Amino acid sequence: MWVHSLLLLVGMGLLVVGADWFVGGASRIAKALKVPPLVVGLTLVSMGTSAPEASVSLQGAIGGLQDIAVGNVVGSNVFNTLLILGLSALIAPLAIGRDMRRYDVPIMVALYGALLLFAFGITPLILDRVESVVLLTLFVGYTAFLIVRAVRQRQKASEPLVAQPEKRRPIWLSILMTVAGLAGVIFGGDLVVDNAASLAKAFGMSEALVGLTIVAVGTSLPELVTSIVASVKKENDIAVGNVVGSNIFNVVFILGLSSTICPLTLDFSTLVDMLVMLGAGLIILAVGLFSEKLHRPTGAALVLLYIGYLTFIIIRN
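Under our numbering, read the sequence shown as residues 1 to 317, first letter to last.
What the hints contain is simulated information worked out from the structure, not anything from laboratory work. Here the structure is a predicted model, which is why all the values come from computation and not from measurement. It is possible that part of the hints are untrue.
Computed beta-carbon distance windows for the label pairs [stated by the list, open to error]: (1) Thr265 - His295: 40 to 46 Å; (2) Phe268 - Val225: 32 to 38 Å; (3) Leu6 - Gly63: 19 to 25 Å; (4) Leu9 - Ala180: 31 to 37 Å.
Quick list of in silico lysine to aspartate or glutamate cross-link-like pairs, EDC-like style, CA-CA up to 16 Å [as the list claims (entries may be wrong)]: (5) Lys293 - Asp237; (6) Lys293 - Glu235; (7) Lys293 - Asp99.
Ideal placement from N, C-alpha and C gives every residue a C-beta, glycine not left out.
Produce the complete structure using the sequences and hints provided.
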């Protein structure tokens with residue numbers, strides 16, 4: 001059992017380091033190709049920090065561990081919204097930017113509603129391939145929307161498209177870093193899924209519980225580190241945008257691609273978890289609409305809500 005625990009930790013470490021290398025290498029390649037830095041931030045950062053979730057859920061779908069594939073995404077989104085934003089707001093109150101309030105948070109909540117409709121309305125207890133195509137189409141549409149917004153903002157700012165980096169690295173080194181990071185994410189995801197499943201059986205835990213807790217927390221470490229560091233530096237857009245962007249990416253791309261590989265069957269108890277995810281999103285939407293800032297008392301409430309949710313799912317198991 002200790003071997004599985006050790007390998008699980010090694011896998012999580014590979015996920016975190018691999019995601020960091022992947023984001024860093026890909027960002028440098030994008031800059032070398034003269035992609036606007038704002039586009040890089042809005043897409044690569046949120047997608048890169050979600051790379052561990054993508055790896056784990058895809059490995060789960062391929063391996064037939066569908067409860068881990070779904071639980072990982074739902075659990076990560078709840079963890080991101082309640083705990084990461086809550087802790088970040090406790091460090092320093094977080095202002096939710098105008099564009100985030102107008103576009104991204106409402107889109108996130110709308111996608112949660114669409115996921116619930118797919119999973120428990122149109123095709124009860126299954127995400128089929130038709131729905132997966134819809135989710136992937138929404139991912140392409142949202143990414144295009146981000147790029148158009150980024151280009152418009154850059155034009156309004158009347159700044160050069162690309163800021164030259166202070167230190168140049170050879171392009172081959174950035175490519176090598178990106179490939180190595182991607183390999184770390186894939187191999188780490190494989191280790192996490194296999195050993196989490198083994199531990200679940202050893203402790204008599206369900207795969208869904210492992211996906212919602214251990215795996216979800218482990219794959220959300222990049223978002224946790226990114227948002228807390230951003231909060232300390234008072235970079236509110238990064239702290240909030242990283243979480244919201246990752247949550248959207250998790251739903252439309254990761255679940256979309258996973259259910260394309262293999263239609264995902266769901267347990268009815270997942271309805272409660274998805275409703276908690278939707279409720280957490282509605283809280284952030286309400287804060288954005290009425291106060292425009294996550295204050296420390298709200299942050300404390302979010303953390304307490306996550307502790308309560310965690311207690312509930314452990315008792316439920």
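Status of the hints after comparison with the structure:
{"no.": "1", "hint": "Thr265 - His295: 40 to 46 Å", "in the structure": "41 Å, holds"}
{"no.": "2", "hint": "Phe268 - Val225: 32 to 38 Å", "in the structure": "35 Å, holds"}
{"no.": "3", "hint": "Leu6 - Gly63: 19 to 25 Å", "in the structure": "20 Å, holds"}
{"no.": "4", "hint": "Leu9 - Ala180: 31 to 37 Å", "in the structure": "20 Å, violated"}
{"no.": "5", "hint": "Lys293 - Asp237", "in the structure": "12 Å, holds"}
{"no.": "6", "hint": "Lys293 - Glu235", "in the structure": "13 Å, holds"}
{"no.": "7", "hint": "Lys293 - Asp99", "in the structure": "13 Å, holds"}
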